[in-house]
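These protein sequence lines map, in sequence, to chains A and B. Residues in the first sequence are numbered consecutively from 1, following the UniProt record's numbering. Residues in the second sequence are numbered consecutively from 1, following the UniProt record's numbering.
The set of hints was computed from the structure by calculation and includes no laboratory data. One or more of the hints may lead you astray.
As the list claims (entries may be wrong) - Simulated coverage check for chain A against chain B, where a stretch passes if three residues somewhere in it have a Cβ under 8 Å from a Cβ of chain B:
| id | segment |
| --- | --- |
| 1 | 54 to 67 |
| 2 | 91 to 97 |
| 3 | 106 to 118 |
As the list claims (entries may be wrong) - With the C-beta cut set under 7 Å, the calculated list includes, among others, these residues of chain B facing chain A:
| id | residue |
| --- | --- |
| 4 | Arg53 |
| 5 | Asn202 |
| 6 | Pro204 |
| 7 | Phe205 |
| 8 | Thr208 |
| 9 | Arg210 |
| 10 | Ala211 |
| 11 | Lys212 |
| 12 | Gly213 |
| 13 | Arg217 |
| 14 | Ile219 |
| 15 | Asn227 |
| 16 | Ala245 |
| 17 | Asp301 |
What the hints assert, rightly or not - Quick list of in silico lysine-lysine cross-link-like pairs, DSSO-like style, CA-CA up to 30 Å:
| id | chain 1 | residue 1 | chain 2 | residue 2 |
| --- | --- | --- | --- | --- |
| 18 | B | Lys222 | A | Lys151 |
| 19 | A | Lys132 | B | Lys91 |
| 20 | B | Lys91 | B | Lys222 |
| 21 | A | Lys127 | B | Lys270 |
| 22 | A | Lys551 | A | Lys521 |
Ideal Cβ positions, reconstructed from N, Cα and C, are used throughout, including at glycine.
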Amino acid sequence: MTQPLLEVKDLTIDVHTPRGILTAVSEISFDIAPGETVCLVGESGSGKTIASKAIMRLTDYENGSIAGGSITLGDTPIESLPQSVMRDLRGRRVAMIFQEPMAAFDPVFTIGSQIVETMQAHRRGKKSTFWKEGVELLRRVGIPEPELRMKQVAGELSGGMLQRAMIAMALSGGPELLIADEPTTALDVTIQAQILELLNELKSSLNMSILLITHDLGVAAQMADRIVVLYAGRVAEQGPATDVLGSPRHPYTIGLLNSIATLDSRRGERLRAIEGSPPGLAEMPEGCRFHPRCAFATDKCRESVPPLSEKDNNRSAACWHADEAAAVAAATHAELTPARHLSPVPDAPPSGMLHPAASRQSISSIHEAPVKEESLSGSHPLLQAEHLKKHYPLGGGWGRAKRNLRAVDGVSLSIAEGETFGLVGESGSGKSTLGRLLLQLEPQTGGRVLYRGDELSIKDKTHWRESRRDLQIIHQDPYGTVDPRWSIGEIIAEPLSVHTELNQAQRLDRVSELLEQVGLKASWQNRYPHEFSGGQRQRIGIARAIAVNPKFILADEAVSALDVSVQAQIVNLLQDLQQQLGLTSVFIAHGLQVVRHISDRIGVMYLGKLVETAPSEELFRRPAHPYTRALLSSIPGMSPATPESISVQGEIPSPTNPPPGCRFHTRCPMATDLCRNVEPAFATVGARHEAACHYPL
Amino acid sequence: MLQAIGSRLFSSLLVIVGSLALVFCIFYLLPGDPVLSMVDPTTVSPEVIENLREQLGLNRPFHERLLAYFGDMLTGDFGRSLVGSEPVLPKILHQVPSTLLLTAASALVAIVVGVTLGVLSAVRKGGIIDLSARIVGLFGISMPTFWSGILLILIFSVQLKWLPAMGSDGFETLILPALALGFVGAGSIVRMVRGSMLDVLNEPFVTTLRAKGLRERLIQIKHVLRNALIPAVTLIGMQIGDMLAGTVIIETVFSRQGIGRILADAIMAKDLPVVQGIVFFTAIVYVGINLLVDLSYAAIDPRIRRKGART
């Protein structure tokens, strides 16, 4: 192997907190060769971000200190350099991009001045020369009108543009290593695909190494040459991407791969979630840190830390039972599906990208839907929307023209009793607003909502109040949507005292019952929300929502904020409850695989319009709208080289001024004059399959 | 931008008119007769008193008096003092420079001390500078000006004999009152700047700046301070207004000339025209300061600038 560009050896990082010194990262080792992409994969608390910051010695500013081990960049020992020397390396030899591009730029300086400032920190030269160089960099990363963008501030650019600008700024020093900390997590899936593609292109043209930090195995599969899986501050497993994803050896990696909903996981079937949640820094288990959640755990695991033992082909796993786990994984793997979405085929290119054939196969191998759909199509609609519109007025006054933000612009749909309807679309597509209109949490601008055939309106207060009992919501942020000063028992019991005649004792019984139903302990009802983990809080949110036996539940990004392993638990819980309670639901999410897994039928929204609805399998197998196909093609881990895929350029236009004709025409590779002028009707293209496109695929 | 200034000016006008009307109403409702405080009813005949009322327009109904009053204001006629019968406008204008100078000097003390200590204590959080800055902040906020004024006189005039205790001539007489008045503002500014700097230091973009290899000093002064000043500027504007009001007390304590002092005298004597004149003047200064605050927002924060410019 060639001399590595970066070598991290037995790195241990302490964090100084008011409660004492905690060890965030323990003895992790990995290295990166020139031109290589290494992915650090892990959930919250795994130490992936702090480890990446330590390479820049940015941990020094965040109460962290390197307590042991070494970091070597080329020949430079980074762990012992004084900050003054370190400063010269930062931005020049190693550059970094971050998760929230909006927050990563100083809001009061222009993009241009921040790029120029970076150059000035490392080189001598005229400001005007640097400015021109900045314009070229912005052009290089695919930003239209770079001269104009240089003069704008962060608030005036979209997230995707800002992340490109961030990459341009990182490139300004000509770095050998680019550290990308969850660079696409805050972005829409289509923009994510563009940014990942840009990173790959830059890497090969500039021969730059990339250290990519991500929680998304799909992103890792698409980008990584090698993968390092971190769990609770230790390396669980590492090796070439194809091997780690294809034949995982650590039970944690196996569990992670199992718990994600993939394009060919059997719909309606339970995901195989990992029990429990990742430990906090202050409560690290003894021995192997994964043992409390591990099915293979023995006394040995509880007592001693397993070493990271080299297997072959430069891969290693820190597990006492790696061989056993690998064997079991291989067996279930074979039984599970002929072409697992994330398992690279034997001849996969070393980039870890999926072989084109595999993706095609994985789409065609999607299992046929169970019989449920047949029974659904005949049943009565529970909730209907007719030409629903929501316009938010903007501006106006002082001679300015009044404009409307058309969040939802004429949506009709019907949700059958017992059905789970998934809503997908980029941010700004209006899916959350549509959800809120369906529940009549705010008044619509036009159209109407029917519940069991009767009009439901927020303005009809008595009827509306009664309907609250039947229509409930689960929010994205389970902590922000409860009163932190109420115990969870009080939180769950509140809807009971509003909507039922139960007395105090009966309410307590019901709360205990609910807590157990969502997998919590009945004795916890006197605890407060801050005492729970994210996944547990979401369970509390679910218990509150189902307390009054609703007929309908809106789950608005209910699993999006959760760790992958916890997400699977909540998806399972939601599915179980739906079956037990006969719930009808709308499931809004940006994770397409999760939506497919949980939904009977899916609606795709774009700029306030519903552009396609179809049964889940049908939608993924034969998307009729180019936008739907583009969304599916953007799912990371899918090879963009598949002939069926469409890569979508640019970004979603502003809903204040939607394009005429078909709203997608500005980004559609198939757009014609007809699309530019005439709005396509929402028409049937197959059984229970509608799309609004002049040229359905 | 111009539009924004235009709308600000219009609302400023409303503030001035409103405050004048308010003062007028307060004096209208106040018990006691200004004429009786001008003359001695035991020696002057009731006819003379009635004549005087007639002359001053005090016997006309409320709305007529109010309209007449605004009419006079528009023509620049601020009336005559009820006490010395001298015209109000020259009397006030004569005193204005002294008060403005004191306010400006106090503001300078407050801003320089407040911002410097605020920045230092945020950057050296937990250190000795931080501790002393927080003590300064605490004292500034909790000590009334008349008390700190007297304390300063005791130390620097009576004990050390470094600076004069009273008077309004020359630079030396300005120092102690400006310190006493500025200290109060400095107290709250220190706390605000410190807190706001600490908030901004935790923003993700500071990590970006470090990752770019910028010097820590450059990050603190150029980026963090500028962001932190946005909330602090509001406070500074309000503090300057408070200092203008504080001159009433400080000018008395230090026996300085100024409108603060004649205001105190005029209130005691129920000298309505003088009080009204001073309120008018103060409202203008106050509104002017607010306008400056708004403009400096735009200078610091391009987001506000762009918003104003958008059509």
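Checked hints:
| no. | hint | in the structure |
| --- | --- | --- |
| 1 | 54 to 67 | holds (count 3) |
| 2 | 91 to 97 | holds (count 4) |
| 3 | 106 to 118 | holds (count 7) |
| 4 | Arg53 | violated (48 Å) |
| 5 | Asn202 | violated (9 Å) |
| 6 | Pro204 | holds (4 Å) |
| 7 | Phe205 | holds (5 Å) |
| 8 | Thr208 | holds (5 Å) |
| 9 | Arg210 | holds (6 Å) |
| 10 | Ala211 | holds (4 Å) |
| 11 | Lys212 | holds (4 Å) |
| 12 | Gly213 | holds (4 Å) |
| 13 | Arg217 | violated (11 Å) |
| 14 | Ile219 | violated (9 Å) |
| 15 | Asn227 | holds (6 Å) |
| 16 | Ala245 | violated (32 Å) |
| 17 | Asp301 | holds (5 Å) |
| 18 | B:Lys222 / A:Lys151 | holds (18 Å) |
| 19 | A:Lys132 / B:Lys91 | violated (61 Å) |
| 20 | B:Lys91 / B:Lys222 | violated (46 Å) |
| 21 | A:Lys127 / B:Lys270 | violated (64 Å) |
| 22 | A:Lys551 / A:Lys521 | holds (25 Å) |
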